[in-house]
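There are 2 protein chains.
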Amino acid sequence: MTAVLEGKLADRDAWTADRCSIAKALDVLGTRSSFLLMREAFYGGRRFDDLARRAGITEASAAARLKELTEHGLLERRPYQEPGQRTRHEYVLTEKGRDLLPVALALMAWGDKHLTGSRGAPLALRHRTCGSGVAVEVRCAEGHPVPLEELGVRVAQPRR
Amino acid sequence: MTAVLEGKLADRDAWTADRCSIAKALDVLGTRSSFLLMREAFYGGRRFDDLARRAGITEASAAARLKELTEHGLLERRPYQEPGQRTRHEYVLTEKGRDLLPVALALMAWGDKHLTGSRGAPLALRHRTCGSGVAVEVRCAEGHPVPLEELGVRVAQPRR
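Protein sequence lines correspond, in order, to chains X and P. Residue -7 in my numbering sits at position 8 of the first sequence; the count goes up by one each step and never skips. Residue 71 in my numbering sits at position 86 of the second sequence; the count goes up by one each step and never skips.
The shape of chain X in the complex, shown without the other chains (with noise of 0.2 Å):
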């Protein structure tokens, strides 16, 4: 069962994705060193050498994929200066960057589920307000879980 393709889009032959958000968003992301980047930025890190040693990628890979996602306005880099040393830059999330995080947290579950074997996911995430534990989800806005075959495509109302 996969899901159904609606209206225009029901004749396959018909069409292709040109216009496709997932592409232009892996178009963002295409590295994976970008978006263990973006993973560490979402744990807290800022810092140039803090990003790239946690993310174990080179200085030179980190240097050029922040400036990609600087350029992307994933992140934002702004100037800081420590006592008596050199300024230097630090990368911020931005509302871009921040809205990244039903991706990660997705990707997250689909790893903890199939790609840890026994030892299960390393990590737990939970609601800091209530305590209680965090999942991704696809649901309808009734509320209603939507697996694969209850969902329906179509071409959307281009905006007025």
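Hints were generated in silico from the structure; no laboratory data involved. Careful: at least some of the hints might be erroneous.
All copies of an identical chain are treated as equivalent in the list; a pair is satisfied when it fits inside any one copy or across any two copies.
[Stated by the list, open to error] Computed list of lysine-lysine pairs in DSBU-like fashion (alpha-carbon distance at most 35 Å, straight line):
(1) Lys81 - Lys98
(2) Lys52 - Lys(-7)
(3) Lys9 - Lys81
(4) Lys9 - Lys98
(5) Lys9 - Lys(-7)
Dock chain P against chain X, hints included.
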């Protein structure tokens, strides 16, 4: 504001994410092409030519990526035969592959919001059972939406 590292994780210098499920997931889904093939499988694609064409990638790339996705267990390769033709193979989503739906929809939602410009989202998703719109949400077991700054991350209890 970022997620809050709790317990043993609070000392950022004392650990790195060596067993990270996000990194493991990215190792499997490493390439843009792999993910676009999974998108097409979600849309009902099964046959090699159709998957390659609609993912917009070369046949050589499609063959390599489909082999990887099959080896990783996201797709299952099944023989089929049309009258008078030789046996061919089609690619069918496994449970492991289907479980990527939240990742795909989270990427789509992020691209829709941040990368489509004034044209807006090209596709609309609806729950076929009730007709209402579909979204990917980060929620706790109590049903609260969980923004990044209310997310606590700690070491999971090992499985018994």
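Comparing the hints with the structure gives:
no.	hint	result
1	Lys81 - Lys98	both (27 Å within a copy, 9 Å between copies)
2	Lys52 - Lys(-7)	between (40 Å within a copy, 31 Å between copies)
3	Lys9 - Lys81	both (14 Å within a copy, 24 Å between copies)
4	Lys9 - Lys98	both (27 Å within a copy, 11 Å between copies)
5	Lys9 - Lys(-7)	within (22 Å within a copy, 37 Å between copies)
Hint compliance for this structure: every hint is met.
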